[in-house]
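Q: This is what each chain is made of:
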Amino acid sequence: MSVVGLGLGFAPLLGWGVVAAALVLALLAAALAWWHGLRGWAWRLAAGLAAAAAMAGPMLETGVRRALSDIVLLVEDHSASQSLPGRAAQLAAASEAMAAQIAARPDTELRRVTLADDPDGTLLGEAIARALAAEPESRLAGMIVITDGRLHDPAALPAEAPAPVHVLLTGQAEDWDRRLVIEESPGFGLIGQPVTLRLRIEDQGAVPDEVAGRAATLRLSLDGEDEQIVSIPPGMPLDIQVTPEHPGQNVVALALDPPDAGPPQLTELNDRAVVRIEGVRDRLRVLLVSGEPHSGGRVWRNILKSDTNVDLVHFTILRPPDKMDGVPVDELALIAFPTEALFHDRINDFDLIIFDRYRVRGILPPQYFDNIRRYVEAGGALLVASGPEMAGVESLHLSPLGAILPARPTGRFVDAPFRPQLTEAGRRHPVTAALQGAPGSAGAPWGRWLRRGEVVADPRAEVLMTGEGERPLLVAGRAGQGRVALLTSDQVWLWGRGFEGGGPQAELLRRVAHWSMKEPDLEEETLSVRVAEGPVLAITRRTMEDAIGPVEITRPDGSTATLVLEPEGAGRFSGRFPAPAPGLYRLAEGELTRVVAVGPAAPREFEQTVADAAALRPLVAATQGAVLPLSEGVPDLRAVAVGRQAHGQGIARPWIAITPRGAEAVEGLAVRPLLPPWAWLLLIVGLALAAWLVEGGRLRTRREDSGVR
Amino acid sequence: MSRRILSLALALLLAALPAAAQEPPAPDPRLVAAAADSALAFVITGDPQLDRASELGLAGLSAALRARTTVEPGTPVGVDLDQDDLSLLTFLYWPVTADQPPPSPLAYARLNRFLRSGGMILFDTGDGDLEGIGGLESTGSGALQQLAAPLEIPPLAPVPRDHVLTRSYYLLSEFPGRHRGGTLWVEATSASAEQGALGVTNDGVSPVVIGGNAWAEAWAEDDSGRPAYAIGPGYDSGRQRELALRFGINIVMYALGGNYKSDQVHVPELLERLGREQGGYEFGAPDYAPLPQRLLP
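Chains E and V, in that order, are what the protein sequence lines are. According to UniProt numbering, the first sequence is numbered sequentially starting from 1. According to UniProt numbering, the second sequence is numbered sequentially starting from 1.
By construction, these hints were calculated from the structure, which means they are not laboratory data.
Partial chain V-side listing against chain E, Cβ under 10 Å, derived:
1. Ala26
2. Ala34
3. Ser87
4. Leu89
5. Phe114
6. Ser117
7. Tyr169
8. Leu172
9. Ala255
10. Gly257
Glycine included, each C-beta is placed from N, C-alpha and C at the ideal position.
Same shape as in the complex, but just chain E (with noise of 0.2 Å):
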């Protein structure tokens, strides 16, 4: 406490209005008197202004003020960057010494900020504008900044600051980093159609003559299997086809070999890149082929037709070579079943056949359904969903395809309701488990289907639904590469109608057909893995066996492990597995294999490693600081004016500056009357009494006496 400011106040009691009506009143009464001759009218004039003034209740205003410290802002960047070799034990040193200049300083208070890692990379022009919005300017002396300059919201840098920024840099004159630079990189292609990765090389800092302009070895395989080599010279785009090869994640893993030669770069970390690349099918084209127009076709033609990725290719025979009514052509709407265009020169542009009550009627001829055998066998699917013409001399089975069909009819065709039963492993099979209503489960019970035909299924296929008593009902089977999908009733409409209630038929129609597609979510035996928090592999298996055997992984640096997984029932193990280290991990299940990329902790972080303060050198600029290299040593801190160059060169080393701001603060205020009442009106009356006086002649002056007497 110590600086006493002095003021002067009115405080009128009766408000300006009565004050001024005063003053007039006193001006008025004293011309009158000097217009009168009155000798006292000076007098009167003093009385009148005396009267004034103490209605006005001058008040006397004390302050109180008390001198402020200084306050310099020292601001530590411990983001993972900084974590990289030297770094840290600069930070720390360049930190304490500071810390003590400004300690051993009178007056100046340290603040200290310290900025850590956040997903978006290094925040430190937001800790900035943080720490210098928290401070109260007028106190702000200067700010020291550590870091090694790379960070990530340049935008969020203040243009200007009320005190010198200084900052220091870590890192090392001789630092230098290669890195791979993904230019380009589509998230999503189409299965079997190559996409374009653009990618570069890029070395910054020092770069040492025996690696400066050669080329770099890049290493590039996808889903970890065939490891292609390619050169590539520093700076020049390079574009590389790859080809997704199945549904889902497909995993491009690129990494640079070390250069051979020189010093060692800051980190490899940046040498390396996965690119997720998400395969998506084309649009599905499904041919389905109805025998006959029933009471259930149209369940086929409204699941595929409300399905938006499904092109729809729908031919029904409405009329059989055997029937004729004598009615001319051109008063007929049918066309000819385009045979050889679709079982022949177009078959495998299909993804998916479906027979629906389809009776051998001599219209395909042999060699057709031969092609379609083929073609199941090739990779196609196939879906039959037959009626009682199965259990005839016009089935389906007794053409070529049926040597592919899951099942072999009985030529029995039994009209008798019954409910249809999920199997064992029905309940694992991923087009039937969970489906709503199943039997076992919550929810209302299946309603009855009426008829069906009987089979005895292929041992090698999965018999997923029964009638009662385990006759087959649904039977999903493989031929070579394709899959063969049986139902064996035509009244799963039944279900879509809501007959005793109904069932899940477009649910369940849906299910087997992009089942038989091989749509990856519905496969039978999968491995998944994603990253979890930790970071930990979270494995998952779905299986159709009863037991698995332990999951082998192979971590980044080539170590391997085996991880068991434990069941969790019907068909599905998981563990989780530590993957501390950033890299590619294979996990192979038998013939299963899945490759995951495990990132940095901090990926942007390492995107840009050598020191470099171009980003924060305008701030540093406006406010007359300096940039300085700590590998040079720790400067001194001085003080210098506000407004001055506040940095320069000592003699041992350079110095930087803070400038003191002398702040003040207020910390009363007292207001007191400049005279107590009483001595107002002894005032007011003393002058009264004069002119009284005065003009009473009892009171003369000089030359009053000698001029009018």
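Start from chain E and add chain V according to the hints.
A: Okay, now just chain V, sitting in the frame of chain E:
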């Protein structure tokens, strides 16, 4: 001890309950047969003459279908709307008369579910003229309005010239029955033409077709295969009966096959696109038809 027995008994009871609940009454064998062979169905109105005409008419239409197409429907079934479960049927012929008692609310609920899940009703006012729909209280159309009011029927419009009904089997420009010239009403084509009022699940198929041409009487034949009801004058009567049968066949194809014929328009285009992508093949090249015309689908 006694508590354990009690809980055991309870568990047994609970185990037995679903088993008992699992067996609903056996479905009506007539309807089971109708579901199996896609039989046509008609609404029993209670008017013996009308019901006989419906039965004979649907029998005549079924015979024509069997003789000419792959659809081989079984014996037509009469449906008592207040009693029978409609979920086993696909096509329902409903002759409407002025003095018909309206069905119960439960029957309306069943009818609405039938329409929603892909069934089709052909309403026939039998008066040959539907222009005055809503005006003529004495005729079937007024009765139809009252009967159909509780049904969830989408907005209707006269059949457009290119409607699937005009080409689902035969090419037709009119839809005569015993009468000719009356307007035929179907669901109005909405902006999303491919999806009907009932949503994508119905393939854009109109759940109701409404007309007044007394089709059943035109389809009906007596035991010796002759028309059971007189139609039109002289030579024209044979032609009109043939056209009525063709309409019957078309509407059954529409009920069973949905908009199949309408998207077949796009098939050549689709195949051509497949061909273009692979290069070269043109659909419609003269050598594609492997078999003569009698093998038409």
